[in-house]
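Novice: Residue numbers (our numbering), protein chains in the order written: chain A, 52 to 317; chain B, 40 to 104.
Just so you know, these hints were derived from the structure itself, not from any lab. Heads up, the beta-carbon is just placed ideally off N, CA and C, and yes, glycines get one too. Hints are supplied without guarantee of correctness; some may be wrong.
Claimed, not checked - If we take Cβ atoms under 10 Å as the criterion, some of the chain B residues that face chain A in the derived model are: (1) Gly46; (2) Glu48; (3) Arg49; (4) Tyr65; (5) Glu67; (6) Ala69; (7) Val70; (8) Val79; (9) Ala81; (10) Gln90; (11) Ser91; (12) Glu96; (13) Ile97; (14) Pro100; (15) Gly103; (16) Gly104.
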Amino acid sequence: MENRPLAVYGTTLASRLLVGTAQYSSPAVLAAAIKASGAEVVTVSLRREAGGNRAGESFWSLIRGLGVKVLPNTAGCCSVKEAVTTAQMAREVFATSWIKLEVIADDDLLQPDVFGLVEAAAILSRDGFQVFPYTSEDLVVAERLVGAGCEVLMPWAAPIGSARGLNNVFGLQALRKHFPAVPLIIDAGIGTPAHAAAAMELGYDGVLLNTAIAKAGDPVAMARAFALAIEAGRLAHCAEPIPPRDMAEPSTPQIGRAFVDLPRHA
Amino acid sequence: MLIQVNGKEREVAAPTLAALLDELGYEEAAVSTALNESFVRAVDRTATPLQSGDAVEILVPRQGG
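Chain A on its own, in the form it takes in the complex:
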């Protein structure tokens, strides 16, 4: 199949890797990792200023200097009201209608509150936002999100920061098959480049991750590793992998094999 570039809300992206900006050991490592990842989209947030050091200004200046698109999130919001207000605040500061919509239901698993998510997505879509919903792999919820105006879906692979990889391959496959034309980006739970490649081989359109790069021993090298894995996974998907078999199938031709049809000597 043809390897077309990823397009979300009318914006074409050359890179299928989207990266978060949190948990890096320093701004310099963050900047180097983003460059090494080749990502064109990075996630950001809004928070209260801690102390009087104006860290927000220096962070925002750093991100603008990298020339990437920003995808603000509503991380930490636990209600529709909080998420909608945070999205409105983010749109003004970051000057984008893109919003990574998170409505969190549970502190242990940071599982999305899918009921609040659908409600908030509908409100924000009507208000002109282009919503990237952090959701589960639940097909019915995905239908509701699309109905609410979402043109991209971001199901989790596993709980945020868990590094467990694709927790429900069957569910993710079903989602992919059910929505062949909706961009699907894995968001959360990726631990290694192999996980990201597996998601891409399933036919996912992109991967968004943060912790797996930021907390790696060498974040810059890991960012590059993820970029390569995602490209490899995408190429593999487009190249149409062979299906698995239950039994062996020789790869070397059987015709012309030596020592066959000879009389057996004791």
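With chain A held as given, fit chain B onto it using these hints.
Specialist: Only chain B this time, still in chain A's reference frame:
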């Protein structure tokens, strides 16, 4: 008057949200504001009066995942 700024009680003199940002030294900073959990656009801050007991959020860009 006593209000809450980012979850902490604070005695301020500013009569409006715009004046509060000036009073707190945010004149040129990229911030977004909410009053009593509702978004207030930058262009509306001057016309947004503050009252005792109000809760103001002043948010800035930060790292996010």
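Novice: It remains to establish, for every hint, whether it holds in the given structure.
Specialist: Cross-check of the supplied hints:
{"no.": "1", "hint": "Gly46", "in the structure": "7 Å, holds"}
{"no.": "2", "hint": "Glu48", "in the structure": "14 Å, violated"}
{"no.": "3", "hint": "Arg49", "in the structure": "13 Å, violated"}
{"no.": "4", "hint": "Tyr65", "in the structure": "9 Å, holds"}
{"no.": "5", "hint": "Glu67", "in the structure": "9 Å, holds"}
{"no.": "6", "hint": "Ala69", "in the structure": "5 Å, holds"}
{"no.": "7", "hint": "Val70", "in the structure": "7 Å, holds"}
{"no.": "8", "hint": "Val79", "in the structure": "9 Å, holds"}
{"no.": "9", "hint": "Ala81", "in the structure": "6 Å, holds"}
{"no.": "10", "hint": "Gln90", "in the structure": "19 Å, violated"}
{"no.": "11", "hint": "Ser91", "in the structure": "21 Å, violated"}
{"no.": "12", "hint": "Glu96", "in the structure": "7 Å, holds"}
{"no.": "13", "hint": "Ile97", "in the structure": "7 Å, holds"}
{"no.": "14", "hint": "Pro100", "in the structure": "4 Å, holds"}
{"no.": "15", "hint": "Gly103", "in the structure": "3 Å, holds"}
{"no.": "16", "hint": "Gly104", "in the structure": "3 Å, holds"}
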